[in-house]
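Trainee: The lines below spell out each chain.
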Amino acid sequence: AQSVTQPDIHITVSEGASLELRCNYSYGATPYLFWYVQSPGQGLQLLLKYFSGDTLVQGIKGFEAEFKRSQSSFNLRKPSVHWSDAAEYFCAVRSGTYKYIFGTGTRLKVLA
Amino acid sequence: GAVVSQHPSWVICKSGTSVKIECRSLDFQATTMFWYRQFPKQSLMLMATSNEGSKATYEQGVEKDKFLINHASLTLSTLTVTSAHPEDSSFYICSARSPPGGTGTDTQYFGPGTRLTVL
Numbered sequence: 001a002q003s004v005t006q007p008d009i010h011i012t013v014s015e016g017a018s019l020e021l022r023c024n025y026s027y028g029a030t031p032y033l034f035w036y037v038q039s040p041g042q043g044l045q046l047l048l049k050y051f052s053g054d055t056l057v058q059g060i061k062g063f064e065a066e067f068k069r070s071q072s073s074f075n076l077r078k079p080s081v082h083w084s085d086a087a088e089y090f091c092a093v094r095s096g097t098y099k100y101i102f103g104t105g106t107r108l109k110v111l112a
Numbered sequence: 001g002a003v004v005s006q007h008p009s010w011v012i013c014k015s016g017t018s019v020k021i022e023c024r025s026l027d028f029q030a031t032t033m034f035w036y037r038q039f040p041k042q043s044l045m046l047m048a049t050s051n052e053g054s055k056a057t058y059e060q061g062v063e064k065d066k067f068l069i070n071h072a073s074l075t076l077s078t079l080t081v082t083s084a085h086p087e088d089s090s091f092y093i094c095s096a097r098s099p100p101g102g103t104g105t106d107t108q109y110f111g112p113g114t115r116l117t118v119l
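Same order as they appear, the protein sequences are chains V and L.
Using the numbering used here, read the first sequence as starting at 1 and increasing by one per residue.
Using the numbering used here, read the second sequence as starting at 1 and increasing by one per residue.
Please note that the accuracy of each hint is not assured.
[What the hints assert, rightly or not] Simulated crosslink set (DSS-like; lysine-lysine; CA at most 30 Å straight-line):
#  : chain 1 : residue 1 : chain 2 : residue 2
1  : L       : K41       : L       : K20
2  : V       : K99       : V       : K68
3  : V       : K61       : L       : K41
4  : V       : K99       : L       : K64
5  : L       : K20       : V       : K99
6  : L       : K64       : L       : K20
7  : L       : K66       : L       : K20
8  : L       : K66       : L       : K55
9  : L       : K55       : L       : K20
10 : V       : K109      : V       : K68
11 : L       : K66       : L       : K41
12 : V       : K99       : L       : K55
13 : L       : K41       : V       : K109
14 : V       : K61       : V       : K99
15 : L       : K14       : L       : K66
16 : L       : K41       : V       : K68
17 : V       : K109      : V       : K61
18 : L       : K14       : L       : K55
19 : L       : K41       : V       : K99
20 : L       : K66       : V       : K99
21 : L       : K14       : L       : K64
Hint data in this document are derived by calculation from the structure and do not stem from the laboratory.
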């Protein structure tokens, strides 16, 4: 069955520190992968996506993600976190019927 | 580009009444829209897939007579919560699938959500 796992429910980092949010997926074919960010009480904003090609994907707000087929992972990274990055982050995989399967999310807290 | 709006952003209603939520794709035509429900501090749960001009496809466990979906045009889908009860209180989010072709292919763009509180 298709699934997405985000092992970390909460992550706390200091402002200026680097960040990595983990995402593992289970999908039979080549996956279409996405990272979204959600601020409190808001909808989801697309950070980046991977369909094919270069496995290192650049997104908005200085985020990047690397697709590793051998590890079934699509981890999100940022070299230096800003206080405004505090939010909930969701990883998703697109199914064959164009539905998205979301992970449970990782809540990021940024310490000043 | 790829902006999706929802209206209203929040609504409070009495138990037993019906509430309609609108989802619009502002700058692109969306043949497919999706409706999600999100409980506090949880992930998004897909409720149904809305295809323009046809009946919505509901996920298992979602009552289609309770949550009426209409996708009458390429830019508008509506979700009506009928005879709402307190347990229907939630955050409802819609998304619109980008049309084929271009860099936005197969990407869902999300609305800002609607918070429904049923008293």
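Trainee: Each hint needs a verdict: does it hold in this structure or not?
Mentor: Going down the list of hints, with the structure as the test:
1. Our distance criterion of 30 Å between C-alpha atoms is met by K41/L and K20/L, whose separation comes to about 24 Å.
2. The straight-line distance between the Cα atoms of K99/V and K68/V is roughly 22 Å, inside the 30 Å bound, and the hint therefore holds.
3. Between K61/V and K41/L, the direct Cα distance comes to roughly 23 Å. Compliance with the 30 Å bound is thereby established for this hinted pair.
4. The straight-line distance between the Cα atoms of K99/V and K64/L is roughly 18 Å, inside the 30 Å bound, and the hint therefore holds.
5. Taking the CA atoms of K20/L and K99/V, the gap is near 23 Å; set against the 30 Å cutoff, the hint holds.
6. At most 30 Å may separate the alpha-carbon atoms for a hinted pair to count; K64/L and K20/L meet this at roughly 14 Å.
7. Proposed proximity of K66/L and K20/L is supported: the alpha carbons are some 12 Å apart, at most 30 Å.
8. Annotation: proposed proximity of K66/L to K55/L holds, straight-line Cα distance about 15 Å (limit 30 Å).
9. The straight-line distance between the Cα atoms of K55/L and K20/L is roughly 17 Å, inside the 30 Å bound, and the hint therefore holds.
10. About 26 Å separates the Cα atoms of K109/V and K68/V, which keeps this hinted pair within 30 Å; it holds.
11. Taking the CA atoms of K66/L and K41/L, the gap is near 24 Å; set against the 30 Å cutoff, the hint holds.
12. Distance restraint check for K99/V and K55/L: the Cα-Cα separation of roughly 16 Å lies within the 30 Å cut-off, and the hinted pair is therefore satisfied.
13. A distance of roughly 14 Å separates the Cα atoms of K41/L and K109/V; the hinted pair therefore holds under the 30 Å criterion.
14. Distance check on the hinted pair: K61/V and K99/V sit about 26 Å apart at the alpha-carbon level, within 30 Å; holds.
15. Between K14/L and K66/L the alpha-carbon distance is near 16 Å, which keeps this suggested pair within the 30 Å criterion.
16. Restraint check for K41/L and K68/V: the C-alpha separation of about 28 Å stays at or below 30 Å, so the hint holds.
17. The hinted pair formed by K109/V and K61/V meets the criterion: a straight-line CA distance of about 16 Å does not exceed 30 Å.
18. Of the pairs offered as hints, the one joining K14/L and K55/L holds, with about 28 Å between alpha carbons and a cut-off of 30 Å not exceeded.
19. With a C-alpha separation of about 21 Å, the suggested pair K41/L and K99/V falls inside the 30 Å cut-off, and the hint holds.
20. Simply put, K66/L and K99/V have alpha-carbon atoms about 22 Å apart, close enough for the 30 Å limit, and the pair holds.
21. Under the criterion of a C-alpha separation no larger than 30 Å, the hint pairing K14/L with K64/L is consistent with the structure, at around 21 Å.
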